[in-house]
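Top to bottom, those sequences are chains A, B and C. Residue 211 is where the first sequence starts when you use my numbering, and the numbers rise one by one after that. Residue 16 is where the second sequence starts when you use my numbering, and the numbers rise one by one after that. Residue 3 is where the third sequence starts when you use my numbering, and the numbers rise one by one after that.
These are computed hints drawn from the structure, not numbers from a lab. Take these hints with a grain of salt, some might be off.
Below, simulated SDA-like cross-link-like pairs (lysine to any residue); rule was C-alpha separation at most 25 Å, straight line [what the hints assert, rightly or not]:
| id | chain 1 | residue 1 | chain 2 | residue 2 |
| --- | --- | --- | --- | --- |
| 1 | B | Lys151 | C | Ser198 |
| 2 | B | Lys97 | B | Arg141 |
| 3 | B | Lys97 | C | Arg188 |
Bear in mind the structure is a predicted one, so any value in this text is a computation, not a measurement.
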Amino acid sequence: MSRFRPVVVAALLLVLAACGDSSEETTAGETTTTASASSGLEGDLLVSAAASLTDAFAEVESAFEAANPGVDVLLNLAGSSVLREQILEGAPADVFASANNFNMDQVVEAGEVDGDPEIFVRNLLQIAVPSGNPAGVTGLDDFANVDLLIGLCAEDVPCGDFGRTALENAGVTPAIDTNEPDVRALLTKIEAGELDAGITYVTDVLSTNGAVEGVDIPEEFNVIADYPIATLVNAPNPDAAPAFAAFVLSAEGQAILNSYGFSSP
Amino acid sequence: MNGEGLDAKLQVRRGESFQLDLSLSIPPGRTVALLGPNAAGKSTTVAALAGLLPLDRGRIALAGVTLDDPEQDVFVVPEARKVGVVFQDYLLFPHLSVIDNVAFGLRSRGVSREESLARAGEWVDRLGLAGLATRKPANLSGGQAQRVALARALVTEPDLLLLDEPLSALDVTTRVELRRTVAEHLDTFSGPRLLITHDPSEAFLLADEIHVIESGVVTQAGSADDIRLRPHTPYVADLAGSNLVQGVASDGVVDTGSHHLHIADHTVSGPVLATIRPSAISVHLGEPAGSPRNSWKTEVSLIEHLGERVRLRTGAPLSLTVEITEDATRALDLREGAEMWISIKATEIGIEADSEGAKR
Amino acid sequence: MTTQGLGGRRRRRRPPAVLIILGVLGLAVFVVPFLGLLARTPWTDLPALLSGDVVADALRLSLVTSLAATAIAAVVGVPLAWLMARVEFPGRALVQGLVTLPLVLPPVVGGAALLFALGRRGLIGEPLNQATGLLLPFSTWGVVVANTFVAMPFLVITVEGALRNLDRRYEGAAATLGAGRWTVLRRVTLPMIRPSLIAGLVLTWARAFGEFGATITFAGNLQGRTQTLPLAVFVALESDRDVAVAISLVMVVVSLAVLVALRERWWKVL
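Construct the complete structure from the given sequences, taking the supplied hints into account.
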């Protein structure tokens, strides 16, 4: 037994040292931004965000972590309805950023939301076509063309719901070939040229860096999607959660989101 | 070359070191036994004749048709040969009933279902399997399975009948029973027959001619007596070890028809096969004194000198092979026609029940 | 260790306790999720939930495509298994690896691969489409292709194993009785591997029936054309949990019915 004691002690010391480092960020004398001079936030932060926020929130995550080195943001990205289900079934989450009000309202009704949700960005719909627009799609009318391969998000996913509204507004009955479970899946198929056209968000088209091209939808038909964000009542990290939401709503956060095509409310 | 029988010269190489090299010529109506220990090349012979293994060199001709001739680039596939094989483990198709097994060869050759089943039915009856027609092989006894295998091979009226260790999978009692059945059907089969076995009694009882095979070559060929009296190799000498005598036992005495033998077992009765090792028989000039219950006067009908060992055959009343030393032969001044007394201890006589013996 | 019995008579011994405990835990792995499903089922609303044509369409598509996939797997899979078991061709080890690949790959990856190969801009799909106008993605045949891709390995592996273990001497015996190679295959080889063949087919069907990832990636999701039961469940989960549970129940009932019914057959054959 006594042979092992030095080893055990050394191991314990190492573990303590490692733990210690993560909470003593100021001792190393790093320069910190004024916004986080008093940041004592630490731990994991679970952010459930709609799939269309993938790229934008990745940058938001980096920025937030830079300002709050003690926090590790974990992004859980999926269709808003999937996220809603997860939260309702008790999956742990600190912050919920939804792509529409419907899903957020359900979560509010279930009493899972702390305070009130706030709209943090807006998104517009756009027709997405493969690079080069091989099928020559010009507007929503083309969606009625049986010879084209048309994809939409599934009806219960925000972009699918809004897409159908836009088509209704334009008086078009679409010849749909597939209802993709989320925006990313739809984009992938359009990018690959397997679909001729689909309806996604402006931000999604932008995110492909030219691999997918956008065709504008006239304002009178288009649907503005409000994206609400809220901290959750059963948040495992109740200190960092509101800080994250605040960051998203702050000038810095908004600047990041705008650069990805989201409009500020 | 025989017009109708089997004429084969087989040269097959298997693996690194084994080479089969033998010639077989069997006219129709004759049974040849290929007798040898395990790994002697018996299965290779079966496979080559059946067409499951091509020859490296040599030639196989059956009923006037060349089946395999590497030099002439002739090879007849197994399904086109008319070789009936009874396999060592019978290889009855487990998913088919007895009657379907027997009819298999006919159906495969295009015979109609009705005719196949009818002809198969005849053979099933002929082999005493009536009532078992719808059974599956898993529900047959060893003896029954063997008879199904025999029927299955015979129903196709092959040009050559090949029996690969047909009785070795059976227990001793069944084996003795089935030997009779096999002998009967061998006799009624008109073509050439090749019996593969490691059991000398089987060879002696069923075959007209015996070829002893060791390590891929035939070391001796001839009649049963040739093998017994003039062994060419130690293996053959050991093979032919025992004398086999048939008789009827009753209360410790076996009646061979021409002689009475006293045996140790008083409980066995009915037809039996008695075995006596040649070296267990002692030779005397005059009537021996002492215990042996079996002693009688006879004469030397044949004598063979094999170096240190001498084999001689006794004459009436019971023909036995006796083995004694060269010295003893000289001491007793034995030669053909000489008179002598022989004695055998009752305990040296091995007894085996022979249920089919009465019919022989 | 003897057990106490009436008058000291030795009774049949119970299995070892450790095995029972571990075995029950193993059983729990299967039973617990199923119980969870049953607990969530809205029993009173069930008839109403299942009466829409979403469920009817999905059930029809699932049955048709899974059976078609099984049939295709049988027709091309058995010959492949035979070649793999009997012929020493170069690259056989590689083929064995390829056949196992769909089992290892996530189905979505499989679906993506199918898209790259057979999609409208795919390696083979593009020339095929331009020559014949045939398009597999977003069609019911696309579902069949996706199902076949993920499920066929079960059949090939099962049959190959059975063929390897088969005693070849029976085929030799059949040949000496005059059976040509095709007859041997038909009347001896295949009947002798029948239990494995059936087991392989059932596993293949079950896998095809439950396929999701490759289907949704390659064939897409459209009611009546490509939306099989698993896809319908997934879509329903987004809006109406009750519908999702109801459809899941349908899948479980159909699968259990088929698997249990066929199992009896297996044993009869043996």
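Checklist line | Indices of hints not satisfied (ascending) | finding: Those not satisfied: there are none.
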